[in-house]
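Enquirer: Chains A and P are the protein sequences, given in the same order. My numbering puts the first residue of the first sequence at 9, with every later residue one more than the last. My numbering puts the first residue of the second sequence at 13, with every later residue one more than the last.
None of these hints come from the bench; they were simulated from the model. Glycine included, C-beta positions come from ideal geometry on N, C-alpha and C. A few of these clues could be false.
If you anchor each label on the Cβ, the simulated ranges turn out as follows [stated by the list, open to error]: (1) A/G55 x P/R108: 40 to 46 Å; (2) A/L52 x P/L44: 28 to 34 Å; (3) A/W149 x P/Y71: 40 to 46 Å; (4) P/L25 x A/V114: 18 to 24 Å; (5) P/K28 x A/L138: 26 to 32 Å; (6) P/G60 x A/V121: 38 to 44 Å.
This is what each chain is made of:
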Amino acid sequence: MATKSKSLPLTKRGLNFEMLMWIFTRLSALAMYALILFAIIGALVMGARNQMNLADVLRWGFMPNNTHVLSTDVPDLAPWATPFWRFVASALVLVATAHGVHGLVVIADDYIVSPRGRSIVRFISIVFMLAMIGIGVYVIWTA
Amino acid sequence: MGLKRNVSLTTGLKYKGQGPMLTFVLHRLGGLGMAIFITVHILASFVGGEIGSFFNNIYEHWAFQIVIFFFVLFHAINGLRITILDLWPKLLEHLREAVWVEWAVFIPIYGLAVFVIITTALGG
Chain A
9 MATKSKSLPL TKRGLNFEML MWIFTRLSAL AMYALILFAI IGALVMGARN QMNLADVLRW
69 GFMPNNTHVL STDVPDLAPW ATPFWRFVAS ALVLVATAHG VHGLVVIADD YIVSPRGRSI
129 VRFISIVFML AMIGIGVYVI WTA
Chain P
13 MGLKRNVSLT TGLKYKGQGP MLTFVLHRLG GLGMAIFITV HILASFVGGE IGSFFNNIYE
73 HWAFQIVIFF FVLFHAINGL RITILDLWPK LLEHLREAVW VEWAVFIPIY GLAVFVIITT
133 ALGG
């Protein structure tokens with residue numbers, strides 16, 4: 009006898025916004041792994057093996073912003089401050105902020121359960137997210 | 013209202029969730045820590061000047077880096093475990109083993125990073 013599948017079909021599961029955000033949290037995490045791995049490989053190509061220690065490489069990987077390599081032995085910052093790396097860093101800010109702010113909403117929902125409270129949380133989180141993305145991208149392109 | 017519990021706080025604190033519960037707590041703690049850290053870091057870099065360098069100097073301190081690396085690395089590796097188990101639900105039967113694998117990946121990477129941070133701080 010074939011065992012019955014434990015997962016519900018998509019139509020019975022309810023495809024709502026929270027479900028989409030659940031998927032988004034997973035996919036944005038995967039995107040961040042890709043971006044971080046990409047930045048670490050980029051750092052190694054640019055000579056990090058001789059000029060940076062593991063902690064410095066990881067710091068660059070978590071946010072490929074040229075101010076993160078200031079205190080290392082890298083002789084010339086120019087290759088680390090190209091528009092290309094600024095775009096990679098901007099993409100990481102975008103994905104990470106959305107992922108992080110949604111995480112904060114998930115935590116808040118564990119403690120704030122009234123519909124009014126939750127809509128206030130959502131409003132604040134959207135304003136906060138847009139502000140942090142704007143400021144973060146500004147810092148990356150002016151640093 | 014949101015804090016109304018069906019069990020008392022002391023019972024809740026004695027809950028033996030073991031390995032998976034510990035990862036849940038650390039994941040949430042790390043996520044909150046990162047959210048606060050990154051918000052302040054971005055704002056400090058934006059403001060600049062004395063206030064900005066006051067905060068960013070704290071962030072460059074080796075003791076702070078040890079803490080934040082724990083948060084970030086654990087959140088990243090635990091998040092990968094959650095993603096893999098969520099996208100392939102059949103693997104959920106091996107949740108406890110997955111948590112052990114997770115620590116086996118986390119400890120060497122984190123240990124090496126802490127070792128490097130400390131030797132650098134001591135002028136190595």
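Enquirer: Each hint should be assessed against the structure and marked as holding or not.
Expert: Each hint, compared with the structure:
1. A/G55 x P/R108: 40 to 46 Å: This hint holds: roughly 43 Å between Cβ atoms.
2. A/L52 x P/L44: 28 to 34 Å: Check passed, 32 Å falls within 28 to 34 Å.
3. A/W149 x P/Y71: 40 to 46 Å: 21 Å, violated
4. P/L25 x A/V114: 18 to 24 Å: At 22 Å between Cβs, range holds.
5. P/K28 x A/L138: 26 to 32 Å: 42 Å, violated
6. P/G60 x A/V121: 38 to 44 Å: 40 Å, holds
Hint check: violations occur at hints 3, 5; the rest are consistent with the structure.
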